[in-house]
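Residue numbers (this note's numbering), protein chains in the order written: chain B, 30 to 233; chain Z, -15 to 115.
It is possible that some hints are incorrect.
Where chain Z lies over chain B, by a calculated footprint (3+ residues, C-beta under 8 angstroms) [what the hints assert, rightly or not]:
#1 36 to 49
#2 84 to 93
#3 99 to 108
#4 145 to 152
Derived SDA-like pairs: lysine to any residue, alpha-carbon spacing no greater than 20 angstroms straight-line [stated by the list, open to error]:
#5 Z/LYS107 to B/GLU34
#6 B/LYS49 to B/ILE117
#7 B/LYS49 to B/TYR148
#8 Z/LYS107 to B/ARG36
#9 Z/LYS108 to B/LYS180
It is worth saying that the hints were derived from the structure and are not from the lab. All residues carry an ideal CB built from backbone N, CA and C; glycine is no exception.
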Amino acid sequence: MFQYENRLQYPVNITKCDPKMASLIISQFGGPDGELSASMRYLSQRFAMPYREVSGLLTDIGTEELSHLEIIGTIIHQLTRNLSPEEIKAGGFDAYYVDHTTGLWPQAAGGIPNNACEYQSKGDPITDLFEDMAAEQKARSTYENLLRLIKDPDVADPLRYLRAREVVHFQRFGEGLRIVQDNLNSKNFYAFNPAFDTDCKKKN
Amino acid sequence: MNQNMNSYNQNTSYMNRMNSNGMNPMGNMNHMHSTNRNINNPNVSSNPVPCRKDLMNSIYEIGFAMDDIILFLDTHPSNQEALNYYQKLRKQYHDLVKTYSIHYGPLLARSVICDNPFSWAKKKMPWEREV
């Protein structure tokens, strides 16, 4: 079960509105490599992970991604506080505003709605962990793309923190993959799927 | 083993920023540095009220260190050095959250101390808070 702790994982305190930047950063809320997709991917995959250290890792990283979703939501909320209709038009926030006012809705920077196709969950531990390592790298690239465009230190600082967490998660997933492979036949990691071919697992 | 410890011991830029903005390096918390609001009122307990901002910054800092060491322990469950570090942080975190809850309200719905109205329902949400 999940419980709410009433604080952010990392502080956010933005004083200047910037609707244009909000419409780009929203990709890390609901975009293909954003925090919502990351969380749903790991929290879905863990049920098919037969090794306890690794299903625990998927649970803890999936939970941390929910905290990151909240940090991104806070950044967007604070970037779009008290906007006038003129500022909305000038900042190119008008198309989003028509459907959502200044509420949060999970979409990519290009306006594409959050899509469960991003929650890759194959039910094969090796496949899933390679997916997760790639996902962390894609999220790192996205944060770096955003950071090249951002000048406000109040916005850049929490995004740098989130970028660094992608690197740590990539490292931990790599260790998770190693744990999975240590449980398999080193001559052929692909001889069977340990999440499905349970008879093979017993014979080994 | 030292190689394994690199990830959570690395000196990251965001931790440096925390320090430069008055957040303290780990293990050197000054949240007890306090603003004594009751100095002119003899009827109020003379225990100093810890500064809310300092306390919250320490919670951010120790909370982050815990999140990071827990992921490390997920994949290195028998690393004694990491286990010792976890134990140290756990106690610090518990004490900080307890102090915070007494003075500034609950961080968890299950830790609300008997009150009317229910303070959890009146809490400020983290996106509106200025810390």
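Practice task
Could you work out which earlier hints the structure fails to respect and list their numbers in ascending sequence?
Solution key: Hints 4, 7, 9 not satisfied by this model.
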